[in-house]
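As they're listed, the protein sequences go chains A and B.
According to the working numbering, the residues represented by the first sequence are 1 to 254, in order.
According to the working numbering, the residues represented by the second sequence are 1 to 276, in order.
What the hints contain is simulated information worked out from the structure, not anything from laboratory work.
Be aware that a few hints might be false.
[Unchecked claim] Quick look at which bits of chain A chain B covers, simulated, 3 or more residues with Cβ under 8 angstroms: (1) 96-102; (2) 111-123; (3) 161-172.
[Claimed, not checked] Computed far set for chain B versus chain A, every beta-carbon distance over 10 angstroms: (4) M27; (5) G56; (6) V81; (7) G95; (8) F112; (9) G126; (10) W137; (11) A179; (12) L183; (13) M185; (14) V194; (15) E242.
[To be verified] SDA-like cross-link-like pairs, simulated, lysine to any residue; straight-line CA separation at most 25 angstroms: (16) B:K270 with A:K130; (17) B:K270 with A:R143; (18) A:K124 with B:P197; (19) B:K270 with A:E110; (20) B:K270 with A:K22; (21) A:K130 with B:R193; (22) A:K124 with B:R192; (23) B:K270 with A:L151; (24) A:K124 with B:R188; (25) B:K270 with A:F103; (26) A:K124 with B:E178; (27) A:K124 with B:F272; (28) A:K130 with B:E178; (29) A:K170 with B:G175; (30) A:K170 with B:Q176; (31) A:K170 with B:E178; (32) A:K22 with A:L238.
Even glycine gets a Cβ: it sits at the ideal position worked out from N, Cα and C.
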Amino acid sequence: MATSMVKIESVRKRFGPVEVLKGVSLDVPAGAVVCVVGPSGSGKSTLLRCVNRLETIDAGRVWVDGALMGFTEKGGRLHLLRPDELCRQRQEIGMVFQRFHLFPHMTALENVMEGPCTVRRVPKAAAASKARELLDRVGLADRAGAYPRQLSGGQQQRVAIARSLAMNPKLMLFDEPTSALDPELVQEVLQVMRDLAASGMTMIVVTHEMGFAREAGDHLVFIDDGVIVEEGPPREVLSRPRHERTRAFLGQVL
Amino acid sequence: MTELPIEAVKPSRPGRLAAAALAALAMAWLAYTVIVNPNLHWDVIAAFLLDGRIIGGLWVTIALTVLSMVIGVGLGMVAAVMQLSDSPVLRGAAGLYTWFFRGTPLLVQLIFWFNIGLVFPEIGIGVPFGGPMFLQWPANELITPFTAALLGLTINEGAYMAEIVRAGIRSVDPGQREAAESLGMTHRQILRRVVLPQAMRVIIPPTGNQFISMLKTTSMVSVISGAELLTVSQRIYLDNFEVIALLVVASAWYLLFTSVATVGQRFLEKRFSRGH
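Isolated chain A, as found in the complex (with noise of 0.2 angstroms):
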């Protein structure tokens, strides 16, 4: 567990007057679990989308796998890669939004293909096949043909996972994957992430699902006002808490 999937360097971010994130760093070994906790507003859900540059940076450095995202380094100076290297790098980095964000045009079964047919050319029947096996994974052989709005929230949930599973990934990040999820259905989503962790997947996952985090997670990071606060074991910061901020918001969501 030694190399890090994730590295993340003093990352900046501002939204106009803004500054989001002010000085992140992070770092994500292969094969582990990091969850990202913080009231809303604190930055947690940008970290994420930094990571695969759905959010370009202002200042900072993130490298996954060994690769600066988005930048070469030519004869020390950054230059800013084309789109089809950036397309490229993110082809590795899966990612799973809080609204699913589904094709809602194409099949439970065609969302899952799309990656590997459209982006890597898998010739149809055998990324059909792929995909069955995947959507199998998630519990949900039997819906393939299904339309997403013919699916509950925590069916669209876990195509949404199988369809960033189909690309392969070396890395899964988790956008609030089970926030907007109706109660009743979160632990079928949950159930899926701590079934993908204990396959060995490197996971970075911003989530409010403090059971979650401590029975799954390998490093729970806490962030607040755009800087980490406290990290650490799970259980460690869930149980006791150094900083005051930390006890303010665990007190609020246990």
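Chain A is fixed; fit chain B onto it per the hints.
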């Protein structure tokens, strides 16, 4: 369990009944005056409905409608994508295009294209800004009523379609683009596979309206003698003075075409609302 069927008596609606009777009466009277009117020359209408010249004009109308719509939609998509681009030059060029062609009357544009030879007597392919020409033709040979009509209708349609396509693209949830980006899709792939198919749901209904309206708008080409349905009808009635009869013939065909197009539009709308 007891069945409780409902066989309720409807309340009487005297006002609606009276209005319906009045409308029926008005329609009957209108039909009567039309049918018994000796000046309408039903026999002439029947004789010219399938006249060879009329059918020829029909084909020109269809060709103009289909060609200008197809090219216009393509032009509109290009202009819309340009307008949503990050480059201010591309945005400006597309904005200027839609501003100019939506801001001037189509009738004026048609006459302008027909007379383009007055401004550019020679049209050709060569090095721009006064460089050597490889191929050139006199404008008067190149610009027939048909090509002028096609130019005018297409370029005008493209400007309107640009707005329709742009609205369609903007209607797609930005999360869709992000999800596609996170899969590693390129801009072009996202546009083609994710954004446009969803934008179609918003683009199709107004495009259908544009198509139906284009069927009728082609009649404007008669000012440059475009050989379409209205022009040939006019040529015939200038000969035999059966003005009304030939206008009825032309209207009947326009009605038929717009009705068929309306059915096609419904079908397309259903096709593109998959998953909704």
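Are the Cα positions of K124 (chain A) and P197 (chain B) separated by 25 angstroms at most?
holds, 19 angstroms
Measure nothing beyond the straight line between the CA atoms of K270 (chain B) and K130 (chain A); if it is 25 angstroms or shorter, mark the hint as holding.
violated, 31 angstroms
Should the label of L183 (chain B) as a non-interface residue stand, given a Cβ cut-off of 10 angstroms to chain A?
It is violated; L183 (chain B) is separated from chain A by about 4 angstroms at its closest Cβ, not greater than 10 angstroms.
Would the least Cβ to Cβ distance between V81 (chain B) and chain A come out above 10 angstroms?
Holds: least Cβ distance 15 angstroms, greater than 10 angstroms.
Does G95 (chain B) sit more than 10 angstroms from chain A, CB to CB?
The claim stands: G95 (chain B) keeps its Cβ more than 10 angstroms from every Cβ of chain A (closest is about 24 angstroms).
Do the alpha carbons of K170 (chain A) and G175 (chain B) lie within 25 angstroms of each other, as the hint requires?
holds, 22 angstroms
Distal placement of W137 (chain B) relative to chain A, Cβ over 10 angstroms:
Holds, since 41 angstroms exceeds 10 angstroms.
Please verify whether K270 (chain B) and R143 (chain A) have alpha carbons no more than 25 angstroms apart.
holds, 23 angstroms
Taking 25 angstroms as the top limit, are the C-alpha atoms of K270 (chain B) and E110 (chain A) close enough?
holds, 20 angstroms
Does the claim that F112 (chain B) lies off the interface hold, with its Cβ farther than 10 angstroms from every Cβ of chain A?
holds, 40 angstroms
25 angstroms limit on alpha-carbon distance, applied to hinted pair K22 (chain A) and L238 (chain A)
Answer holds: K22 (chain A) to L238 (chain A) is near 24 angstroms, not above 25 angstroms.
Hinted pair K124 (chain A) and F272 (chain B), Cα distance within 25 angstroms:
Holds, at roughly 22 angstroms.
The structure shown violates the earlier hints numbered 11, 12, 13, 14, 16 and 20.
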